[in-house]
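Could you put together the complete structure from these sequences and hints?
Each residue of the sequence shown is one higher than the one before, counting from 1 in UniProt numbering.
In short, the hints are calculated from the structure, not lab data. On a predicted model such as this, the values are computed, not experimentally measured, just so you know. We treat Cβ as the ideally placed atom computed from N, Cα and C, and that holds for glycine. Just to be clear, a hint being listed does not mean it is correct.
What the hints assert, rightly or not - Here are the in silico distance ranges between beta carbons for each label pair:
(1) 534 with 555: 22 to 32 Å
(2) 254 with 463: 50 to 60 Å
(3) 782 with 276: 54 to 64 Å
(4) 381 with 533: 23 to 33 Å
(5) 416 with 548: 42 to 52 Å
(6) 493 with 381: 16 to 26 Å
(7) 533 with 471: 13 to 23 Å
(8) 365 with 220: 32 to 42 Å
(9) 254 with 29: 21 to 31 Å
(10) 37 with 787: 47 to 57 Å
(11) 29 with 702: 44 to 54 Å
(12) 374 with 458: 54 to 64 Å
(13) 448 with 380: 17 to 27 Å
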Amino acid sequence: MEGSCSAKEEGLHLVETVFSWTLKDVLNENLCKHMVRKIPQTFLSITDYLNSFIPSLIEETRSDLSSSLKGVSKAPFCEISSVELERSKSFIPTKSFFYQISVNRTNNDENGTYEPEVGDLIALTDIKPKTVDDLNRSKRNYHIGYVHGIKESTDKISILSSKSFDMDIRFSLRSNSAPKLYASSSNNAPKLYAFCLLNLTTNVRIWKALNSQLEGSSLSMMKKVLQADSKNGETCQICFSGENDSATCSSVKNIILSQNLNESQKDAVLNCVTSRECHHNDAVKLIWGPPGTGKTKTVASLLFSLLELKVRTLTCAPTNTAVLEVAARLHNLVKESLEYDIGFGDIVVFGNKSRMKVDCYRGLSDVFLDYRVDNLLKCSGWKHSLESMIKLLEYPKEQYDSYKREEENSIMSLEKFAMQKYLNEKNDNPLTLQFLKDSTCNIEEQYLSYKDEKRKSIKTLDQFFVERFRSNAEQMEKNLGTLRTHLPTSLVPLAEVKKIPIALDLLRSLENSLCKSKLKQTSGGCEEGESIIDSLRRFSIKKEECLVKLRSLSQTILLPNITDKYEMAKFCLMRARLIFCTASSSTKLFEDGMTPVEFLVIDEAAQLKECESTIPLQLSGLHHVILIGDERQLPAVVKSQVSEEAEYGRSLFERLVSLGYKKHLLNVQYRMHPSISLFPNKEFYEEQLSDAPFVREMGYNRRFLEGKMYGSYSFINIAKGKEQKPGRGHGWKNKAEAAAVCKIIESLENEFLRSKKKVSIGIISPYNGQVSEIQERIKRQNLVSDPNFSVNIRSVDGFQGGEQDIIIISTVRSNENGNIGFLDNRQRANVALTRARYCLWILGNEKTLSRSDSLWRNLVNHAKERECFHKAEDDKKLGQAIENEALLMELLDESETPFKKLSLGGTSRPTPTTFRGSFRGRPRTPRW
Numbered sequence: 001m002e003g004s005c006s007a008k009e010e011g012l013h014l015v016e017t018v019f020s021w022t023l024k025d026v027l028n029e030n031l032c033k034h035m036v037r038k039i040p041q042t043f044l045s046i047t048d049y050l051n052s053f054i055p056s057l058i059e060e061t062r063s064d065l066s067s068s069l070k071g072v073s074k075a076p077f078c079e080i081s082s083v084e085l086e087r088s089k090s091f092i093p094t095k096s097f098f099y100q101i102s103v104n105r106t107n108n109d110e111n112g113t114y115e116p117e118v119g120d121l122i123a124l125t126d127i128k129p130k131t132v133d134d135l136n137r138s139k140r141n142y143h144i145g146y147v148h149g150i151k152e153s154t155d156k157i158s159i160l161s162s163k164s165f166d167m168d169i170r171f172s173l174r175s176n177s178a179p180k181l182y183a184s185s186s187n188n189a190p191k192l193y194a195f196c197l198l199n200l201t202t203n204v205r206i207w208k209a210l211n212s213q214l215e216g217s218s219l220s221m222m223k224k225v226l227q228a229d230s231k232n233g234e235t236c237q238i239c240f241s242g243e244n245d246s247a248t249c250s251s252v253k254n255i256i257l258s259q260n261l262n263e264s265q266k267d268a269v270l271n272c273v274t275s276r277e278c279h280h281n282d283a284v285k286l287i288w289g290p291p292g293t294g295k296t297k298t299v300a301s302l303l304f305s306l307l308e309l310k311v312r313t314l315t316c317a318p319t320n321t322a323v324l325e326v327a328a329r330l331h332n333l334v335k336e337s338l339e340y341d342i343g344f345g346d347i348v349v350f351g352n353k354s355r356m357k358v359d360c361y362r363g364l365s366d367v368f369l370d371y372r373v374d375n376l377l378k379c380s381g382w383k384h385s386l387e388s389m390i391k392l393l394e395y396p397k398e399q400y401d402s403y404k405r406e407e408e409n410s411i412m413s414l415e416k417f418a419m420q421k422y423l424n425e426k427n428d429n430p431l432t433l434q435f436l437k438d439s440t441c442n443i444e445e446q447y448l449s450y451k452d453e454k455r456k457s458i459k460t461l462d463q464f465f466v467e468r469f470r471s472n473a474e475q476m477e478k479n480l481g482t483l484r485t486h487l488p489t490s491l492v493p494l495a496e497v498k499k500i501p502i503a504l505d506l507l508r509s510l511e512n513s514l515c516k517s518k519l520k521q522t523s524g525g526c527e528e529g530e531s532i533i534d535s536l537r538r539f540s541i542k543k544e545e546c547l548v549k550l551r552s553l554s555q556t557i558l559l560p561n562i563t564d565k566y567e568m569a570k571f572c573l574m575r576a577r578l579i580f581c582t583a584s585s586s587t588k589l590f591e592d593g594m595t596p597v598e599f600l601v602i603d604e605a606a607q608l609k610e611c612e613s614t615i616p617l618q619l620s621g622l623h624h625v626i627l628i629g630d631e632r633q634l635p636a637v638v639k640s641q642v643s644e645e646a647e648y649g650r651s652l653f654e655r656l657v658s659l660g661y662k663k664h665l666l667n668v669q670y671r672m673h674p675s676i677s678l679f680p681n682k683e684f685y686e687e688q689l690s691d692a693p694f695v696r697e698m699g700y701n702r703r704f705l706e707g708k709m710y711g712s713y714s715f716i717n718i719a720k721g722k723e724q725k726p727g728r729g730h731g732w733k734n735k736a737e738a739a740a741v742c743k744i745i746e747s748l749e750n751e752f753l754r755s756k757k758k759v760s761i762g763i764i765s766p767y768n769g770q771v772s773e774i775q776e777r778i779k780r781q782n783l784v785s786d787p788n789f790s791v792n793i794r795s796v797d798g799f800q801g802g803e804q805d806i807i808i809i810s811t812v813r814s815n816e817n818g819n820i821g822f823l824d825n826r827q828r829a830n831v832a833l834t835r836a837r838y839c840l841w842i843l844g845n846e847k848t849l850s851r852s853d854s855l856w857r858n859l860v861n862h863a864k865e866r867e868c869f870h871k872a873e874d875d876k877k878l879g880q881a882i883e884n885e886a887l888l889m890e891l892l893d894e895s896e897t898p899f900k901k902l903s904l905g906g907t908s909r910p911t912p913t914t915f916r917g918s919f920r921g922r923p924r925t926p927r928w
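Right, dumping it as structure tokens:
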């Protein structure tokens with residue numbers, strides 16, 4: 001990275017836009033409202049398509065930054081020890097505000113523990129702000145910076161600053177060095193801190209994709225998703241008629257036969273894989289995976305089939321967790337396959353090591369790029385140890401003679417010995433001629449003794465052979481084991497890879513035979529047996545068998561001579577057949593010389609913003625795209641209300657479905673007890689789903705508490721609840737429902753302590769205020785610490801993709817007019833109602849939910865029809881807990897009454913002036 005590169009050249013125009021905002025701009029929720037338009041469903045051109053996302057991307061960036069600034073007091077930080085102007089190789093100052101900073105890494109909490117990463121947006125300030133207002137005070141040295149690069153060799157961090165550093169600090173100007181603008185060691189130097197606000201890497205990557213700045217990008221696949229017609233997603237009748245059943249089709253059928261898939265899963269895999277032989281229809285396929293229908297299993301089977309067919313495929317997902325889940329499932333499939341019991345070099349997962357937490361997934365270190373690169377670099381001398389072993393077995397006497405000559409040559413001459421002796425004794429003082437003359441006799445005696453000892457230390461032929469054999473064998477075992485695991489099969493034929501364990505076994509067997517022949521068994525014990533040379537002659541057949549295998553490996557394994565980490569990583573990515581990463585990280589595959597990708601598979605596609613999917617869609621060579629998801633569950637998270645109204649969070653999957661694109665439905669659910677799946681199947685999936693046989697068995701009908709109220713499915717009416725909204729940003733809560741939840745958890749804990757049966761419990765609420773309320777109460781309960789009794793309390797969004805034995809839902813809303821706010825969101829309700837395996841208990845106010853014109857009215861009526869509707873007071877302990885909470889709330893309300901009329905007076909705060917931002921052409925001059 002050269003300091004002279006401009007922000008525009010690096011695709012950082014978005015960062016310059018951020019730099020152009022004032023603090024007031026960032027906090028202004030209407031700043032971008034005038035420029036954001038609703039994203040359409042169809043587009044006239046590629047340019048129209050890409051440009052439609054840009055205003056919302058800018059607004060979402062502003063919203064993210066606003067949220068971070070409001071919480072700046074809790075942001076991770078570090079102390080800056082120096083700031084220097086970054087220069088190019090010719091030491092010419094850069095035009096942009098590029099600087100190099102160093103971090104104070106002393107073990108001191110006051111200095112912070114934050115380690116800047118590339119893409120971080122940081123606030124540089126001379127104070128530790130308690131509120132965002134502290135950053136806006138006069139006479140404050142306050143900058144916004146973007147971490148542009150990190151030079152590991154020097155610990156220097158390159159940043160692009162929103163303005164120049166003009167701090168009143170001494171300059172340290174030396175020839176051939178950058179001017180030091182700030183140094184904490186300078187006299188009277190103020191402190192300088194860096195606070196991490198957010199990481200802009202994903203947004204910058206999206207910006208580059210939307211502005212066609214990805215190197216070597218192709219827009220051919222993009223044209224496929226602009227519009228849709230009635231034939232989209234259908235199987236081509238020309239290519240796949242019964243008479244033209246292809247060899248690929250037959251091959252895939254054989255591959256998936258052992259995967260234990262149901263018919264809908266088999267059809268999905270077969271339809272997607274065989275589409276590569278068709279050139280008549282659009283190359284985009286949708287797999288619709290409702291909750292619990294084995295979506296991840298289907299994706300893994302699809303990828304395994306593509307691996308077997310040697311199709312270069314990229315698999316993306318919105319998050320690291322989703323990427324690792326499908327990669328782990330595929331890893332298990334490969335490991336269980338007899339044919340692929342040879343290594344994982346054709347599979348690679350890459351991403352940020354610290355964020356991905358690959359070590360939490362068993363076996364994924366075999367396929368993670370960072371580990372692979374480190375391991376392969378350690379094998380740089382693999383061929384030397386292999387050739388050394390071959391020579392040793394073929395010509396043991398010649399190898400020994402060469403070793404002996406080297407040892408003889410290493411014996412020093414008398415003059416060198418005397419010199420060394422004197423230097424050792426005289427502490428490296430110059431050796432004088434007089435000293436040599438005076439001590440000649442003594443030195444000669446010592447020299448003769450030294451020569452005698454050195455010659456005695458020279459190993460015998462047998463000693464040399466055994467030591468060299470074991471050393472080579474040990475190094476070979478390490479190297480060949482690594483190559484077997486990590487080398488792509490394109491560099492080593494399968495037949496050769498299978499020879500590696502055979503060759504190692506033969507070497508071990510030969511070593512054991514040689515060792516046994518070396519010791520002659522007698523009635524009194526062991527004595528010296530035949531020489532190694534004689535033993536090698538006696539075991540010549542076994543030796544020749546080893547040599548054949550070793551020579552073959554030496555000639556066929558093609559590990560390139562690479563010593564650089566970056567080049568090795570690129571080599572691994574170019575050679576892999578299955579690649580896993582997040583959608584935004586796929587920018588790494590746009591590097592010059594990268595092997596084209598034929599298939600793109602996007603898992604959890606309904607949770608990926610369409611603008612983000614434009615990154616992998618621009619890959620060169622792409623012919624087929626498979627989107628797997630469920631648009632009836634939660635979409636991508638969007639923070640800005642303005643962006644949400646523009647449908648910025650909509651996925652490509654959802655848009656194509658809305659245009660009539662055909663989806664392949666996975667129609668068997670394996671998670672929920674039939675009494676739980678009944679309502680969501682009817683409400684969200686038009687009763688298209690069936691329950692897998694094993695969830696209908698009696699063994700799946702588990703009971704955790706006594707009473708009909710705590711069966712597999714129930715609605716528990718909390719009539720005495722009261723909804724509260726304490727203040728802005730805190731969200732709704734209902735203390736009566738929280739008390740009921742805690743009482744149920746207490747009963748479950750008591751039952752667990754009695755039965756010791758493992759149970760996992762999830763508590764879900766749509767409102768963060770209620771989540772916090774329940775978390776605080778559960779914390780005070782001091783539940784038993786046992787891995788077999790787990791309680792997870794999260795919002796609906798936090799449970800997307802998860803499942804628990806028991807799910808308890810707190811709906812919170814309790815009012816007379818049936819106002820339920822965003823509880824009415826069908827996607828959110830779908831997620832909440834489909835997380836449970838054995839029991840789903842829904843807590844809510846019957847009257848409020850029944851008066852709402854929403855699915856919750858249907859749910860209450862449905863529960864009544866099925867006799868799954870219960871009153872909380874039917875359980876005496878539960879009723880008492882709610883009664884006590886209602887009483888406490890009434891007392892608190894009465895105690896506050898005398899103060900309600902009191903006023904603190906004072907003038908109200910002025911309403912801030914609305915700022916209308918401008919994003920025409922280049923951004924305005926930085927104003928941070």
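Hint check results:
1. 534 with 555: 22 to 32 Å: 30 Å Cβ-Cβ, so the 22 to 32 Å window holds.
2. 254 with 463: 50 to 60 Å: holds (55 Å)
3. 782 with 276: 54 to 64 Å: holds (58 Å)
4. 381 with 533: 23 to 33 Å: holds (28 Å)
5. 416 with 548: 42 to 52 Å: holds (46 Å)
6. 493 with 381: 16 to 26 Å: holds (23 Å)
7. 533 with 471: 13 to 23 Å: Hint holds: Cβ distance 19 Å, inside 13 to 23 Å.
8. 365 with 220: 32 to 42 Å: holds (36 Å)
9. 254 with 29: 21 to 31 Å: With Cβ atoms ~58 Å apart, the hint is violated.
10. 37 with 787: 47 to 57 Å: Since residue 37 and residue 787 have Cβ atoms about 51 Å apart, the given range 47 to 57 Å holds.
11. 29 with 702: 44 to 54 Å: The hinted range 44 to 54 Å holds for residue 29 and residue 702, with Cβ atoms some 48 Å apart.
12. 374 with 458: 54 to 64 Å: At 38 Å between Cβs, range violated.
13. 448 with 380: 17 to 27 Å: For residue 380 against residue 448, whose Cβ atoms are near 43 Å apart, the range 17 to 27 Å is violated.
Hint compliance for this structure: hints 9, 12, 13 are broken, all remaining hints hold.
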